[in-house]
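Trainee: Following the hints, put chain Z with the ligands in place on chain R, whose structure we already have.
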Amino acid sequence: MIYGTGFGFDLTKEMEVSALYSKIVILDFPSQSAQRPIVCQLVKQYDLMFNILKARISSKKEGHMVLEISSAGRAAFNKGITYLKEQGVRVSTPEHKIYKDEEKCTHCGACTAVCPTDALYIKRPEMEVIFDLNKCSLCERCLLTCPVRAMGLFSDDLKETA
Amino acid sequence: MSTCQVNKTYEEINAKIAAGEAVVVTAEEIIDIADKEGIVEAARKVDVVTTGTFAPMCSSGAFINIGQSRPVIRTTKTWFNNVPAYSAIAAVDCYLGATAVCEDDPLNKYHPGEFNYGGGHVIQDLVAGKQVHLKAESYGTDCYPNLAIEKTVTLKDLPNAILCSPRNAYQNYNCAINRSDKTKYTYMGTLKSHVSNANYSTSGCLSPLFNDPYLKTIGLGTRIFLGGAQGYVTWTGTQHKKDVDRGLNGVPLSPAGTLSVIGDLKQMSPEWLVGQSIRGYGASLAVGLGIPIPILNEEILKYTSVSDEEIFTQIVDYGHDYPQGISKSYGRVSYAELKSGTITIKGEKIPTVPLSSMVKARTIARILKTEIQKSRFYIGVPQHLFC
Ligand code: SF4
Ligand code: SF4
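Protein chains in written order, with this note's numbering: chain R, 1 to 162; chain Z, 1 to 387.
Just chain R, same shape as in the assembly (with noise of 0.2 Å):
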């Protein structure tokens, strides 16, 4: 299920549907491996499908990409993660990566017109806006959106970045 701009996904329909086993997964590549066809080996070799959500090469030729892979199982996954790791890759989940602070949220629904996911999204008929981190993308354009910046970003060591 395809919304918006193309490259959003449910996530829990499409488990559902299909009972896949999927993941989003963020790679971060050092130069010498940006260069390298490593993520069409994940098909290849390793039998595991991806969508791409994001991806941004660096002016020093590093890459960041924000994946959501899909595989039969998690024996399956955790192969082709191995494999990204051995050739230097490194590789995070984005769970700790953006979050809605609900103390600030106003429930206002400004963030709703950027999201490309559907993860913040208006509850009816309540209208309230939650947040479903599993269908984020890390895409950060509700990040200025929001009015109250209510929306912010981990970073690795977990501290507030934005």
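Worth flagging that the hints you see were computed from the coordinates, not collected in a lab. We put the CB at the ideal spot given by N, CA and C, even for glycine. Check before you lean on any hint, since a few could be wrong.
[Unchecked claim] Here are some of the chain R residues that sit facing chain Z, going by a computed Cβ distance under 8 Å:
1. Ile-57
2. Ser-58
3. Ser-59
4. Cys-108
[To be verified] Below, simulated DSS-like cross-link-like pairs (lysine-lysine); rule was C-alpha separation at most 27 Å, straight line:
5. R:Lys-104 with Z:Lys-266
6. Z:Lys-192 with R:Lys-104
7. Z:Lys-135 with Z:Lys-266
8. R:Lys-85 with R:Lys-61
9. Z:Lys-242 with Z:Lys-328
10. R:Lys-123 with Z:Lys-328
11. R:Lys-104 with Z:Lys-339
12. Z:Lys-349 with R:Lys-123
Mentor: Same frame as chain R, but now just chain Z with the ligands:
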């Protein structure tokens, strides 16, 4: 209203409130009651209907007296946390507007700007009891020789602070779309290109002026919930319009009435005055405002029983038309449709985005209800009506 079957006076309603016997319901609750009991019976039973809204209200601000220094000063420029306040009043008075931004803000130099701190944020910091850095200048006179002062203050240290807004509680507002091919960053939020979202900003059936569309009970001196305290309506707001197209129920079909309001900032709370950074547009202040409507007769009750299905607004293009001052509507939608999450424009389903918080609006209506039930909030008798 001699033609009405139910007739209550402000005094009778206030006497009931004093006795703790007033029947108070919210503008959402009254819809079902009126439906089941009929408007006459409902008007007999219910004494007050409470409303609420919480959204960015840019024409907001506060008059602040910063207190004298020694030697004395007549300030001509004043800053709070580097946010400038209007100082062409005497001697240490100023007006801090919600949309003023920090002196060193890059504004829209790197579009869309972030507008991280402005007048609205200062007001929130003040009511939160935070320390604020205050700076003021003057050219000096014989009677006011001091040229510059600087101090750190909290709201407690300031002799007076009055929230005083020239335009709040807009009765209806446009539903904004963007027909251009670029994302637009507006005061109506982020509008994606090619009509990819439709943003709106009222609390619909809970919104104060939808429940008394001709302002028959709301006038000078009407007591309201303002920023978490009791405030008052002082006049109609700027841009107030009453001769507008209305539905059969009297509710305007486009932006219409507004209110100017006043209250003691010192009694307000950061929960109900919230600084806003509206991307690409500027700083603002979200204000919590609620008005209790006294049910004087069944006519007033009928107004308060309006539901989202019966309130409509126009769809306006903020990609091209609005910035060019072209007034054109791309259709009419009800708040029931807007709140459902999608509207249909020219056969296309468009996701809707609220900018006004229903959660907070509901809370305000509930607080007002409780306050009136507990005899802590009385109906202000208007000294002048605008209708
Ligand atoms: S970063 Fe924000 S806008 Fe982007 S997907 Fe996550 S919640 Fe949605
Ligand atoms: S924009 Fe911010 S305050 Fe508004 S609903 Fe989203 S997270 Fe909450």
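Trainee: Look at each hint and say if it fits the structure.
Mentor: Evaluated hints:
For Ile-57 of chain R, the shortest C-beta to C-beta distance to chain Z is roughly 22 Å, which exceeds 8 Å, and the interface hint is violated. This hint is violated: Ser-58 of chain R has a C-beta 19 Å from the nearest C-beta of chain Z, more than the 8 Å allowed. For Ser-59 of chain R, the interface hint is violated, the least distance from its beta-carbon to any beta-carbon of chain Z being 18 Å, above 8 Å. Taking 8 Å as the C-beta cut-off, the interface hint given for Cys-108 of chain R holds, the closest approach to chain Z being about 5 Å.
Simply put, Lys-104 of chain R and Lys-266 of chain Z have alpha-carbon atoms about 21 Å apart, close enough for the 27 Å limit, and the pair holds. The hinted pair formed by Lys-192 of chain Z and Lys-104 of chain R meets the criterion: a straight-line CA distance of about 25 Å does not exceed 27 Å. For the hint pairing Lys-135 of chain Z with Lys-266 of chain Z, the CA-to-CA distance comes to about 21 Å; that is within 27 Å, so the pair holds. Under the criterion of a C-alpha separation no larger than 27 Å, the hint pairing Lys-85 of chain R with Lys-61 of chain R is consistent with the structure, at around 18 Å.
Our distance criterion of 27 Å between C-alpha atoms is met by Lys-242 of chain Z and Lys-328 of chain Z, whose separation comes to about 20 Å. Using a Cα cut-off of 27 Å, the hinted pair Lys-123 of chain R and Lys-328 of chain Z is violated, with the two alpha carbons roughly 32 Å apart. This hinted pair checks out: Lys-104 of chain R and Lys-339 of chain Z have alpha carbons roughly 23 Å apart, not beyond 27 Å. With a C-alpha separation of about 19 Å, the suggested pair Lys-349 of chain Z and Lys-123 of chain R falls inside the 27 Å cut-off, and the hint holds.
Hints 1, 2, 3 and 10, counting from the list given before, are not met by this structure.
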